[in-house]
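Number of protein chains: 2
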Amino acid sequence: MSAYEVRPVARVESPITDPAAAPKQGFEGGAQAWLAFEPAVLDALDGLAPGDRVMLLTWLDRADRGTLRVHPRDDVRNPQRGVFGTRSADRPNPIGLHEVEILAIDGGRMQVAPLEAVDGTPVLDVKPVL
Amino acid sequence: MSAYEVRPVARVESPITDPAAAPKQGFEGGAQAWLAFEPAVLDALDGLAPGDRVMLLTWLDRADRGTLRVHPRDDVRNPQRGVFGTRSADRPNPIGLHEVEILAIDGGRMQVAPLEAVDGTPVLDVKPVL
Numbered sequence: 059m060s061a062y063e064v065r066p067v068a069r070v071e072s073p074i075t076d077p078a079a080a081p082k083q084g085f086e087g088g089a090q091a092w093l094a095f096e097p098a099v100l101d102a103l104d105g106l107a108p109g110d111r112v113m114l115l116t117w118l119d120r121a122d123r124g125t126l127r128v129h130p131r132d133d134v135r136n137p138q139r140g141v142f143g144t145r146s147a148d149r150p151n152p153i154g155l156h157e158v159e160i161l162a163i164d165g166g167r168m169q170v171a172p173l174e175a176v177d178g179t180p181v182l183d184v185k186p187v188l
Numbered sequence: 059m060s061a062y063e064v065r066p067v068a069r070v071e072s073p074i075t076d077p078a079a080a081p082k083q084g085f086e087g088g089a090q091a092w093l094a095f096e097p098a099v100l101d102a103l104d105g106l107a108p109g110d111r112v113m114l115l116t117w118l119d120r121a122d123r124g125t126l127r128v129h130p131r132d133d134v135r136n137p138q139r140g141v142f143g144t145r146s147a148d149r150p151n152p153i154g155l156h157e158v159e160i161l162a163i164d165g166g167r168m169q170v171a172p173l174e175a176v177d178g179t180p181v182l183d184v185k186p187v188l
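If you read the sequences in order, they're chains A and B.
Quick note: to get the numbering used here, add 58 to the position in the first sequence (first position is 1).
Quick note: to get the numbering used here, add 58 to the position in the second sequence (first position is 1).
Simulated from the structure, these hints should not be mistaken for laboratory data.
In this text, all values refer to a predicted model and were calculated from it rather than measured experimentally.
Don't take each hint at face value.
Copies of the same chain look alike in the list, so a pair counts if it works inside one copy or between any two.
Claimed, not checked - Pairs of lysine to aspartate or glutamate, DMTMM-like flavour, derived with a Cα cap of 25 Å:
{"#": "1", "residue 1": "82", "residue 2": "164"}
{"#": "2", "residue 1": "185", "residue 2": "157"}
{"#": "3", "residue 1": "185", "residue 2": "110"}
{"#": "4", "residue 1": "82", "residue 2": "101"}
{"#": "5", "residue 1": "185", "residue 2": "132"}
{"#": "6", "residue 1": "82", "residue 2": "104"}
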């Protein structure tokens, strides 16, 4: 099958810089983070406002794309299972999914929380929670 | 910023073939569909079972990636807004997000519902609903 190219629309600016210390999910201790958007996509933000809940899609650029089975939550006491049944970052297409609240918008920057993604993570998309 | 390559892990087999006639969301009349997985990723399905609810990430390969503002729900009576505040398929990285239930698994094929994605749509990822 064909491959497709994704191009980051923003980048995460977060106090979380160590992947090993990052919480596994935003609701497990995610940070307030800023998203710095590419100037070319700013029209796509029009209408979003503080208080809105959105889904962020990120590209987990430190992930191992060859991993198909893991011990859930990196705990070897959990039996291995396929990555499609887990939220492991290691998976064939390492796209992260994060439900966050918009705290502020300042030009091309948006503050969100709670976000577990580490500083520098590329953002692929923003969608409203339905 | 760098670009990244996504590689489909499965393809949708659906009775919905006309994008113009497809429902906008699965809960608005989505179909029962099969996902045909690539043989190389089958280990990643291990542990999933009928009854599980999962998020599918798809690549909306018919989308216009240059669109930044739309009339929500393709209705010109709705004022235009940025695509990041809508579920428009037309967006810089046209990744679809679909919450579905697994109805059956048969080797490398998985039946899910309700899915609004049209026949042939590439699937990028499967994640458990948290």
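Evaluation of the provided hints:
no.	hint	result
1	82 <-> 164	neither (28 Å within a copy, 31 Å between copies)
2	185 <-> 157	both (10 Å within a copy, 14 Å between copies)
3	185 <-> 110	both (10 Å within a copy, 24 Å between copies)
4	82 <-> 101	between (32 Å within a copy, 23 Å between copies)
5	185 <-> 132	between (29 Å within a copy, 16 Å between copies)
6	82 <-> 104	between (30 Å within a copy, 21 Å between copies)
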